Amino acid sequence: MSDQQKIEKQNNTEKDQPANISRRDFFSYAWKGLGIFAALESIGVITGFIFSGKSKTTSDSKQLFEAGRVDSFALNSVTAFMGGRFYLARQQDGGFIALSLRCTHLGCAISWEKNKKRFICPCHSSAFDINGEVLNPPAARALNYYPCMIENGIVIVDINTLKERNTFRKDQLAYAR
Amino acid sequence: MRNIFLHLHPAKVNGTALRFNRTFGLGGMAALLVVIQIITGILLRFYYVPSPAEAYNSILFLKNEVLFGQLTRNIHHWSGVFLLLIAFLHLLRVFFTGAYRNKRKINWLFGLILLVLIVFSNFTGYLLPWDQLAYWAITVGTSILSYIPLFGDGLRVLITGGKEVNGGTLQTFYTFHTAVLPFLLLILVIYHFWRVRKAGGVLIFDEDENAEKVPVIPNLVYREFIVALVLVATVLVFATFFNAPLHEKANPAFSMNPTKAPWYFAGIQELLMHFHPFFAAFIIPLGVMVFLAWIPFLDYDGKEMGNWFISEKGRRSVKSTAMFAAGITIAGILFNQYLINFEILMPKMPALISNGIIPLVILMLFMAAYYWLYIKHLSLTKAELVQVIFVFIVVAFVVLSLVGIFFRGKDMELTMPWEI
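As they're listed, the protein sequences go chains H and U.
Residue numbers for the first sequence follow the working numbering, so the first one is 6 and each next one is one higher.
Residue numbers for the second sequence follow the working numbering, so the first one is 12 and each next one is one higher.
Hints listed in this document are in silico derivations from the structure and should not be mistaken for laboratory results.
One should not assume that every hint holds.
[Stated by the list, open to error] Straight-line alpha carbon distances no greater than 27 Å define the calculated DSS-like cross-link-like pairs of lysine-lysine that follow:
#1 U:Lys324 - U:Lys387
#2 U:Lys271 - U:Lys74
#3 U:Lys260 - U:Lys174
#4 U:Lys271 - U:Lys260
#5 U:Lys23 - H:Lys121
#6 H:Lys168 - H:Lys122
#7 H:Lys168 - U:Lys174
#8 U:Lys116 - U:Lys330
#9 U:Lys116 - U:Lys23
#10 H:Lys119 - U:Lys116
#11 H:Lys121 - U:Lys421
#12 U:Lys393 - U:Lys324
#13 U:Lys114 - U:Lys224
#14 U:Lys224 - U:Lys23
#15 U:Lys324 - U:Lys116
#16 U:Lys421 - H:Lys122
#17 H:Lys175 - U:Lys174
#18 U:Lys23 - U:Lys209
#19 U:Lys271 - H:Lys119
#20 U:Lys209 - U:Lys116
#21 U:Lys74 - U:Lys260
[As the list claims (entries may be wrong)] In silico negatives: residues of chain H with every beta carbon more than 12 Å from chain U:
#22 Ser33
#23 Trp36
#24 Glu71
#25 Asn120
#26 Asp176
On a predicted model such as this, the values are computed, not experimentally measured, just so you know.
Here a beta-carbon is modelled for each residue, glycine too, at the ideal position from N, C-alpha and C.
Chain U with its partners taken away, still in its complex shape (with noise of 0.2 Å):
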């Protein structure tokens, strides 16, 4: 047991290293959590039925019938949801303290593809249950693909299958869900970390450099395992007190009222009752992923070094970007939804540009005003600015997908949580 511990970590780290703030233990519970939807998945495999007739009443006798049937499909549930907020947080932690330059540079990359992964796992196994809520999730989710231009309406044809989602997009999906991207994500989780130690482990404050090194064992392998034991216990808490969704089984014929994306695609969701399509399906989610990808080759001077925020000048400008990105969202918003819908108010002009570049421009012009009037007199470095752009995009994303999930009801009209 011991060997085993000592070969995943070096024999000793840097004191400072297991600080708790320095990482929050996320990368670790992100792998505890893929562990457990292996494990849970592999029970769940014993008794689900991928076929549109007999899905659903497998997951009805796995409820019903099955000892622990409906907590493990319940613990798989939600390690599904944590698993994607915490892969999520580990992308900010470890962007806010710098460690996706030099040498860490490729993992950042990799980093990003485990996202993308455990997205695609979450969508595919969504479908599974067969029931109204994820049939008309999956429709809609891969209906937006058809507005990317060219290839998007292929591209939906092609993963589902046919013209709707069908008994052939249930088979497909379910061999992602189960063997493609399990395979993938397990294999290249494992080169994520063997990357990390190849880095030199977690990056540590600049001047903590020459702290005293300490034993592996008992010092971080126990606080790991505190680590997994606290998050472990929430599962479960989560498990026993909320049941995952399962309404009727899905009828191709009428659709749920309101029908919406599933919860992290929300945002996008949100962004097309804004934009045109072509902008909120494709310009925007393609700028941002390049963004990501590209952020780690900027030529930065200085080398990393691990702070939080960069400095006291970079944390400031995260703090005012933050309210001025939620601000920006929430008003464009409302305004869109309330004031003025630029596609009823100029009926002649094609909704491309009544919709999409109108309203893209406006909300630029906003952005180089906040530049211009703030941002420029605090003269950042180069860092510090993709950092900006970065909080940004977070908080806007996040601010769409808040409202996407819990203000839009009936009809998707702006409602309040409690009344949906």
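Okay, chain H solo, but in the shape it has when bound (with noise of 0.2 Å):
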């Protein structure tokens, strides 16, 4: 049926008997919301079966890495927890941070240059300083870091909540107490 038609016999029934559309036309209709519920509730049940497991095993829950005595770090260093996928930083002060491997340009791993005292990044050049401040773009952003505390003397990472942040403020330091 062409539209046209469906449009005059829509106004035929409207003039016979207003408000009132034909059996015809209801099941017709009746039909086709049907399909298109079925199709999005589908589409629905597809997205939760793919995305509800992947969330589930990349919880939020907290992972601790034990990586080590306070005193076993030097004032001013950096140490490389490959395992951890963060470098432990010691400011001059005695706070303590755990940077995260990942350039935050493009998620490249940075490296540590003990000479120059920054983290170079090997895809396009960008430099970060102990605390994971931006020293040379393309990088936008200060390097993520995991949150640390320090429980009877020991530095403990929990390597599984990624801090996202545009610049080093103090009070991302651990201090021990």
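Put the two chains together into one complex, using the hints given.
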């Protein structure tokens, strides 16, 4: 049935019996509506199926990594923990920060240049200082970090909670009490 | 056998449609490569294990222990590369012969979708060997996504299934690469061909419309057979002499230097080195995609002609625009690399302005000057103007890709190709 005919037919029915549609039209709309509903429902179910499991495998629960005793890290030094995927940096004033390995530009693994006292990214030569602050673009944000705490003189890093930041602030450091 | 070919083709075709320089057989080649990919892909699946612990070893096993294992992998690698290149050339051919208008509009859109599917097939396949090259290329490739505003980072997490590329990413990519994408690709390829036939076959020169019709067997089918043989031979030669790359096993703690995105994203990666990510990874690619999807729906005067580059004037404007685009892209890269870095020049300014809007405006001023000083005086038709913009985009993209692939060495510095 062409659109023209459909409109004519609707007009006729409106004239004869106001606010009524024919049985045939009613069922046709009902089937189409059900079809669309079923399609949307399937999409929802499939999306839920695929992504509910994926998000659980990377849940936000804590995973604690014992880095070592506080006094085993020299002031103004950086220690790599490849197993935990972080660099533990100890500042001049004794504060700790656990920096992510990943450059904030495009995710390459940075390395610590001891002599130049800076992190260098091999991919696009971004550079960061010992706090993770940007020294050289193209990276625009300071390095991400993992929260760390000090209990009974041992530095513990929660390697499942990645914190993003734009710049370095003093309160991101952890101190021994 | 005869019946199958006659089912795929009409019984008779216009004799001039058979000329090789009408299509260069690119669409048929792409279809054949899809078939080769499916066959070799199924073979590879007999040995491949999609887990971070086993994937790399299963490739080594395939290489070292399986009869023709290395060759099969090489064929799969090179057909994948060729498929993307040939699909791209096919897009150029269809555009420059004007076969994207009127009743071919929708098929142009399906062609674009097919190109996207082929890119995704290549991208998901790139990760599967789980070597250093694969791991870091996919890391960089997916990180580009996080620069899309609002939903970009969510999209990246969804695709990689976590903070970084991991076992979940591998399994997702494997499923897409070996099930979802080939299935969609196969269905859409068939539909794509069907629509070509519905549109009356290959577009021909306007003056050739009344040319003599010739039977498909042998005229067309034999030609197709020869093209297929040459293509298969070329793939085999490449697969025999050049191994598919395989570096050390992936190590998430150490990046390769340099780390490059897969070669078909090298253009975007190169763009990222010169523009703020908001423009390089989002605005510019989005603009190009919208432009490509939009061109068939413009109101063109006149019917589709099937002439290469539309007219003599069109040809002239294509040549000069290609040279202009190549020139300004190369000049821009060198200028930004060695002379002025806007971000360092204006440290107080937000990077979005200093490294995004300012260089973009400068670039647009050059383009406007080119238009006012040269293109305007040619008094081109609308179709020819669209062609000029298309050429600019394509040439700039190709130049950016070539620089990214061949001229970026250690620390992503500009280097000569033989020093990489």
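Verification of the hints:
Between lysine 324 of chain U and lysine 387 of chain U the alpha-carbon distance is near 12 Å, which keeps this suggested pair within the 27 Å criterion. This hinted pair checks out: lysine 271 of chain U and lysine 74 of chain U have alpha carbons roughly 25 Å apart, not beyond 27 Å. Taken as a hint, the lysine 260 of chain U and lysine 174 of chain U pair is honoured in the structure, with Cα atoms around 20 Å apart against an allowance of 27 Å. Proposed proximity of lysine 271 of chain U and lysine 260 of chain U is supported: the alpha carbons are some 17 Å apart, at most 27 Å.
With a C-alpha separation of about 74 Å, the suggested pairing of lysine 23 of chain U with lysine 121 of chain H is violated against the 27 Å cut-off. Restraint check for lysine 168 of chain H and lysine 122 of chain H: the C-alpha separation of about 23 Å stays at or below 27 Å, so the hint holds. Only pairs whose Cα atoms come within 27 Å are accepted, and lysine 168 of chain H paired with lysine 174 of chain U is accepted, the gap being roughly 11 Å. Taking the CA atoms of lysine 116 of chain U and lysine 330 of chain U, the gap is near 26 Å; set against the 27 Å cutoff, the hint holds.
Between the alpha carbons of lysine 116 of chain U and lysine 23 of chain U the distance comes to roughly 25 Å, so the proposed pair stays at or under 27 Å and holds. A threshold of 27 Å between alpha carbons decides the hint, and for lysine 119 of chain H with lysine 116 of chain U the separation of about 60 Å lies outside it, so the pair is violated. The hinted pair formed by lysine 121 of chain H and lysine 421 of chain U meets the criterion: a straight-line CA distance of about 19 Å does not exceed 27 Å. The suggested pairing of lysine 393 of chain U with lysine 324 of chain U holds, with an alpha-carbon distance near 13 Å, which does not exceed 27 Å.
At most 27 Å may separate the alpha-carbon atoms for a hinted pair to count; lysine 114 of chain U and lysine 224 of chain U meet this at roughly 22 Å. Between lysine 224 of chain U and lysine 23 of chain U the alpha-carbon distance is near 6 Å, which keeps this suggested pair within the 27 Å criterion. Note on lysine 324 of chain U and lysine 116 of chain U: the hinted pairing holds, with a Cα-Cα distance of about 24 Å set against a maximum of 27 Å. Restraint check: the Cα-Cα separation between lysine 421 of chain U and lysine 122 of chain H comes to about 21 Å, which is no more than 27 Å; the hinted pair holds.
For the suggested pair lysine 175 of chain H and lysine 174 of chain U, the alpha carbons sit about 25 Å apart, so the restraint of at most 27 Å is met. Restraint check: the Cα-Cα separation between lysine 23 of chain U and lysine 209 of chain U comes to about 14 Å, which is no more than 27 Å; the hinted pair holds. Between the alpha carbons of lysine 271 of chain U and lysine 119 of chain H the distance comes to roughly 26 Å, so the proposed pair stays at or under 27 Å and holds. Distance hint between lysine 209 of chain U and lysine 116 of chain U is fulfilled; the C-alpha atoms sit about 12 Å from each other, no more than 27 Å.
Annotation: proposed proximity of lysine 74 of chain U to lysine 260 of chain U holds, straight-line Cα distance about 14 Å (limit 27 Å). At roughly 26 Å from the closest C-beta of chain U, the C-beta of serine 33 of chain H stays outside 12 Å, upholding its exclusion from the interface. Listed as outside the interface, tryptophan 36 of chain H is consistent with that label: its C-beta sits roughly 25 Å from the nearest C-beta of chain U, beyond the 12 Å cut-off. The Cβ of glutamate 71 of chain H sits about 19 Å from the closest Cβ of chain U, beyond the 12 Å cut-off, so the non-interface label holds.
Listed as outside the interface, asparagine 120 of chain H is consistent with that label: its C-beta sits roughly 17 Å from the nearest C-beta of chain U, beyond the 12 Å cut-off. Every beta carbon of chain U lies more than 12 Å from that of aspartate 176 of chain H, the smallest distance being close to 23 Å; the non-interface claim holds.
Hints 5, 10 from the list above are not met by this structure, while the remaining hints are.
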